[in-house]
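What follows is the residue order along each chain.
4 protein chains.
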Amino acid sequence: MQKVGLLLGGCIRSWKLVRMASSGMARRAPLANKVALVTASTDGIGFAIARRLAQDGAHVVVSSRKQQNVDRAVAALQGEGLSVTGIVCHVGKAEHREQLVTTAVKLHGGIDILVSNAAVNPFFGNLLDATEEVWDKILDINVKSAALLVKAVVPEMEKRGGGSVVIVASIAAYSPFPALGPYNVSKTALVGLTKNLAIELAQRNIKVNCLAPGLIKTNFSKVLWMDEAREESIKEAMRIRRIGKPEECAGIVSFLCSEDASYITGETVVVGGGAPSHL
Amino acid sequence: MQKVGLLLGGCIRSWKLVRMASSGMARRAPLANKVALVTASTDGIGFAIARRLAQDGAHVVVSSRKQQNVDRAVAALQGEGLSVTGIVCHVGKAEHREQLVTTAVKLHGGIDILVSNAAVNPFFGNLLDATEEVWDKILDINVKSAALLVKAVVPEMEKRGGGSVVIVASIAAYSPFPALGPYNVSKTALVGLTKNLAIELAQRNIKVNCLAPGLIKTNFSKVLWMDEAREESIKEAMRIRRIGKPEECAGIVSFLCSEDASYITGETVVVGGGAPSHL
Amino acid sequence: MQKVGLLLGGCIRSWKLVRMASSGMARRAPLANKVALVTASTDGIGFAIARRLAQDGAHVVVSSRKQQNVDRAVAALQGEGLSVTGIVCHVGKAEHREQLVTTAVKLHGGIDILVSNAAVNPFFGNLLDATEEVWDKILDINVKSAALLVKAVVPEMEKRGGGSVVIVASIAAYSPFPALGPYNVSKTALVGLTKNLAIELAQRNIKVNCLAPGLIKTNFSKVLWMDEAREESIKEAMRIRRIGKPEECAGIVSFLCSEDASYITGETVVVGGGAPSHL
Amino acid sequence: MQKVGLLLGGCIRSWKLVRMASSGMARRAPLANKVALVTASTDGIGFAIARRLAQDGAHVVVSSRKQQNVDRAVAALQGEGLSVTGIVCHVGKAEHREQLVTTAVKLHGGIDILVSNAAVNPFFGNLLDATEEVWDKILDINVKSAALLVKAVVPEMEKRGGGSVVIVASIAAYSPFPALGPYNVSKTALVGLTKNLAIELAQRNIKVNCLAPGLIKTNFSKVLWMDEAREESIKEAMRIRRIGKPEECAGIVSFLCSEDASYITGETVVVGGGAPSHL
Numbered sequence: 001m002q003k004v005g006l007l008l009g010g011c012i013r014s015w016k017l018v019r020m021a022s023s024g025m026a027r028r029a030p031l032a033n034k035v036a037l038v039t040a041s042t043d044g045i046g047f048a049i050a051r052r053l054a055q056d057g058a059h060v061v062v063s064s065r066k067q068q069n070v071d072r073a074v075a076a077l078q079g080e081g082l083s084v085t086g087i088v089c090h091v092g093k094a095e096h097r098e099q100l101v102t103t104a105v106k107l108h109g110g111i112d113i114l115v116s117n118a119a120v121n122p123f124f125g126n127l128l129d130a131t132e133e134v135w136d137k138i139l140d141i142n143v144k145s146a147a148l149l150v151k152a153v154v155p156e157m158e159k160r161g162g163g164s165v166v167i168v169a170s171i172a173a174y175s176p177f178p179a180l181g182p183y184n185v186s187k188t189a190l191v192g193l194t195k196n197l198a199i200e201l202a203q204r205n206i207k208v209n210c211l212a213p214g215l216i217k218t219n220f221s222k223v224l225w226m227d228e229a230r231e232e233s234i235k236e237a238m239r240i241r242r243i244g245k246p247e248e249c250a251g252i253v254s255f256l257c258s259e260d261a262s263y264i265t266g267e268t269v270v271v272g273g274g275a276p277s278h279l
Numbered sequence: 001m002q003k004v005g006l007l008l009g010g011c012i013r014s015w016k017l018v019r020m021a022s023s024g025m026a027r028r029a030p031l032a033n034k035v036a037l038v039t040a041s042t043d044g045i046g047f048a049i050a051r052r053l054a055q056d057g058a059h060v061v062v063s064s065r066k067q068q069n070v071d072r073a074v075a076a077l078q079g080e081g082l083s084v085t086g087i088v089c090h091v092g093k094a095e096h097r098e099q100l101v102t103t104a105v106k107l108h109g110g111i112d113i114l115v116s117n118a119a120v121n122p123f124f125g126n127l128l129d130a131t132e133e134v135w136d137k138i139l140d141i142n143v144k145s146a147a148l149l150v151k152a153v154v155p156e157m158e159k160r161g162g163g164s165v166v167i168v169a170s171i172a173a174y175s176p177f178p179a180l181g182p183y184n185v186s187k188t189a190l191v192g193l194t195k196n197l198a199i200e201l202a203q204r205n206i207k208v209n210c211l212a213p214g215l216i217k218t219n220f221s222k223v224l225w226m227d228e229a230r231e232e233s234i235k236e237a238m239r240i241r242r243i244g245k246p247e248e249c250a251g252i253v254s255f256l257c258s259e260d261a262s263y264i265t266g267e268t269v270v271v272g273g274g275a276p277s278h279l
Numbered sequence: 001m002q003k004v005g006l007l008l009g010g011c012i013r014s015w016k017l018v019r020m021a022s023s024g025m026a027r028r029a030p031l032a033n034k035v036a037l038v039t040a041s042t043d044g045i046g047f048a049i050a051r052r053l054a055q056d057g058a059h060v061v062v063s064s065r066k067q068q069n070v071d072r073a074v075a076a077l078q079g080e081g082l083s084v085t086g087i088v089c090h091v092g093k094a095e096h097r098e099q100l101v102t103t104a105v106k107l108h109g110g111i112d113i114l115v116s117n118a119a120v121n122p123f124f125g126n127l128l129d130a131t132e133e134v135w136d137k138i139l140d141i142n143v144k145s146a147a148l149l150v151k152a153v154v155p156e157m158e159k160r161g162g163g164s165v166v167i168v169a170s171i172a173a174y175s176p177f178p179a180l181g182p183y184n185v186s187k188t189a190l191v192g193l194t195k196n197l198a199i200e201l202a203q204r205n206i207k208v209n210c211l212a213p214g215l216i217k218t219n220f221s222k223v224l225w226m227d228e229a230r231e232e233s234i235k236e237a238m239r240i241r242r243i244g245k246p247e248e249c250a251g252i253v254s255f256l257c258s259e260d261a262s263y264i265t266g267e268t269v270v271v272g273g274g275a276p277s278h279l
Numbered sequence: 001m002q003k004v005g006l007l008l009g010g011c012i013r014s015w016k017l018v019r020m021a022s023s024g025m026a027r028r029a030p031l032a033n034k035v036a037l038v039t040a041s042t043d044g045i046g047f048a049i050a051r052r053l054a055q056d057g058a059h060v061v062v063s064s065r066k067q068q069n070v071d072r073a074v075a076a077l078q079g080e081g082l083s084v085t086g087i088v089c090h091v092g093k094a095e096h097r098e099q100l101v102t103t104a105v106k107l108h109g110g111i112d113i114l115v116s117n118a119a120v121n122p123f124f125g126n127l128l129d130a131t132e133e134v135w136d137k138i139l140d141i142n143v144k145s146a147a148l149l150v151k152a153v154v155p156e157m158e159k160r161g162g163g164s165v166v167i168v169a170s171i172a173a174y175s176p177f178p179a180l181g182p183y184n185v186s187k188t189a190l191v192g193l194t195k196n197l198a199i200e201l202a203q204r205n206i207k208v209n210c211l212a213p214g215l216i217k218t219n220f221s222k223v224l225w226m227d228e229a230r231e232e233s234i235k236e237a238m239r240i241r242r243i244g245k246p247e248e249c250a251g252i253v254s255f256l257c258s259e260d261a262s263y264i265t266g267e268t269v270v271v272g273g274g275a276p277s278h279l
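Protein chains in written order, with full-length UniProt numbering: chain A, 1 to 279; chain B, 1 to 279; chain C, 1 to 279; chain D, 1 to 279.
Take these hints with a grain of salt, some might be off.
If chains are identical, the list can't say which one is meant, so a pair holds when it fits in one copy or spans any two.
Claimed, not checked - Straight-line distance between alpha carbons at most 20 Å, and here's what the computed EDC-like set of lysine to aspartate or glutamate pairs gives:
1) Lys93 with Asp227
2) Lys217 with Glu259
3) Lys93 with Glu133
4) Lys222 with Asp43
Quick caveat, the hints were computed from the structure, so don't treat them as lab data.
Generate coordinates for the entire structure from the input sequences, incorporating the hints supplied.
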């Protein structure tokens, strides 16, 4: 699998500089030569992001908790001719985080991009019914592990002279999803984590931004649109006409990781179809 | 000690309706007959809040982790003629949270007000240097325990037909304090927790608001103003002329718990002397 | 009319220090001796604010565009034993603004508090249907006149060593009301005006804060709740259980003008019953 | 492969669908065939945006108030092989706005994109020193004219089945620039205008987003960085390491107008190098 990826790497590099005679501009794959880690990327929004980063020229390491999901995602993306490898990673485990980093470095020589997408929601119901265990799990995975994963990746980015981190939060950080209280709170924390990391990492030439997807049609959000009545009610509550697609969250992540976003850091971009969020 | 509090209770009730002949208005102690729990209230902002709630007519249960601090605070406030009792409470421990609630109910027959002020910051330095243990401790105490304490108190508030919760966050929720990364992130989470709780508890007639103190002169914030040079630099960075006093955070908390704030819920009020925060 | 106000002034001062035997505390009318201007205060939220400031001890000058409305409001408030006088003022006219200030100074010797509540909404419909004239009128009255009124009042506040300004915006500053586009935009501008004034006036010891009422039952907002169906629909859209009352906006204004808010400036407080607004 | 690129370069339209053999993906100029109006685009940020939209495949109509500036900008961009035309337009004048629209439609058959960048700041100093005339001018040009220009353009976008608007505000919308009070306030209003328009125009398939540049090196912002001492002081106040370049604001605008941003509307993206703004 990796061999295919490596072979493709050579091909992809070759189209990185398509010169346009008429304008004197070089039109490059915006993430050419970049190495990107994307967690929780074998499905839904993470998968769409991984695919897009690879389409834009990056070598992408996809990961999630189950080997078979990783295998399926890698096969699918390689089947599209993309430079993708995979590794099992439970971001809540320190040794997994380390392994993710070392594998990426071994395969591709370094890390330029991290998309931290891993999140759990072991709970659906009233916020006040959430137990201590629920809070522990959600804060552990959604907040602490995100911070620690950045910590693990930064030294590698520094070796490359800089890098780009995108943390995936949610529009629920601003405007709570019903029945997902602790999840919502963890996402608000990520907006703060983004600001804090951006300030601290600016001097190392590492940008940190945040994607806040609105209501996107994925397995994760199924509980919010599982039947037509609920879908209609949530669309009305969120003042949106349609539920978004995972692909619609991917372009902005690639953009934020590209040279074009060189002066954007600490920002959260909501991809929510106009649902209420923040000024 | 409790006896004094109970005796005073009678006296306090007696001034609750001081009729003003000149204007025909009744001027009441705004929190008369209310029972208030304030965590981390033996020092600094929490102490100032406890005192103010008591001055405004509430029976206040102060608490913090050490018996001697509780004793000192209770003695000081009772010495001012206030209706105050105390109990040791480490909000991170479920049995302590339960005990806080049952004690308050036993003493005063119920709970109307909760001010959740407990917070730790076991870390000063770069965000990326924060260990897993640091994150665990900060998220546990500052976020999870706040949520679980509200959970423990709500049934008592319901019995009284409603109540008022104030969660103490920080201006750092919006505009990070330097070198306090994980603390800042936990405070951003609390702004989100406030919104989520407010929505969920509205139907039970419980309001949930948030106080976000700016740079206030307390032992907790000492690291930010410990010498004159640092104080000057942080005042300039925060665009403020002077550091605030704990008392300046207390009035708004009492206000938010009073009948005057009957239509205010889900709000965070920054008490920051004009430092940058949010629109 | 003014004579009554002046006479009452003496009486009111007499209840400013009601000593509470039981607690040893002095309980003062929080705005005793303060002189307050409130624009657009003969009805709705402005009227409720004027009444409350007077109840809290201030001498209040009410104003609006029509003499008969001013007379009615003054009569009503004086009938309650409050220290209130009135003057016709169209805040869009420079000479009216000047006259408001000079009259207040002549009557009461100075100005301590300004509540800028005047606003128009000469338009109900699609934002894109708003004409140049509509925009002119709304920006003129709601934004420019507010700034110029503060400008006219500040020199008087400086003579008193400081003061307090409260600008009345709307929750629509954050979360647009349907069919009130230009009005909504003008209210967002006021949130910005508040921040800017707060920073600039801090050195003169003048605080500037902002009240953002949610859906409050007034003639002004009638269009939003005029029939039961519309009221239900807007309550659902705003996730609130009930529409607020003007009185529920008044306490926070008095609070923000009191000594208790000495470290609060540049802040916008939403009084919205939990409707979506800002983090 | 590069040879193919060079051949294709000869006609920009022809490279809109460059099939990449290696990956099977089609790589298009993201704004191919789109017609874009950019106001105030003969210099600074507007010029950089106009160039970028043209580089990304759009036919761009640049404009500003002076013929010679328009001529110079058009010559420069055409000299780079870009599809650019120009027209004099003072956005404060209704007939100019109309002419801008009709010219663009005559030249290119319709309008898909509007970037509203025109702004004035006829004032540098204390907010309270701003006269009625200053406020009139700033609100007229920066807010009202932006709204009316969108109004003029929307019918043309509807004919094309949709479109994309980007309003240029400023980081000062959130975090005021010193000595630019009325300008700052007008920019806050634009963030609100963006939200309002986004909600209203969603049903017509028109997205409305907002760019909020931070401290960017342009003639406009010269007053903020004119000497080294001031530059250093403002960099420290804004917690940024370097001042941005106009080009760094251009990529995000192109992105927001592209198909990649299909689910992003009502959003403000700060391009501020990490300076304090909003959560």
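Checklist entry - Failing hints, ascending? => result 1
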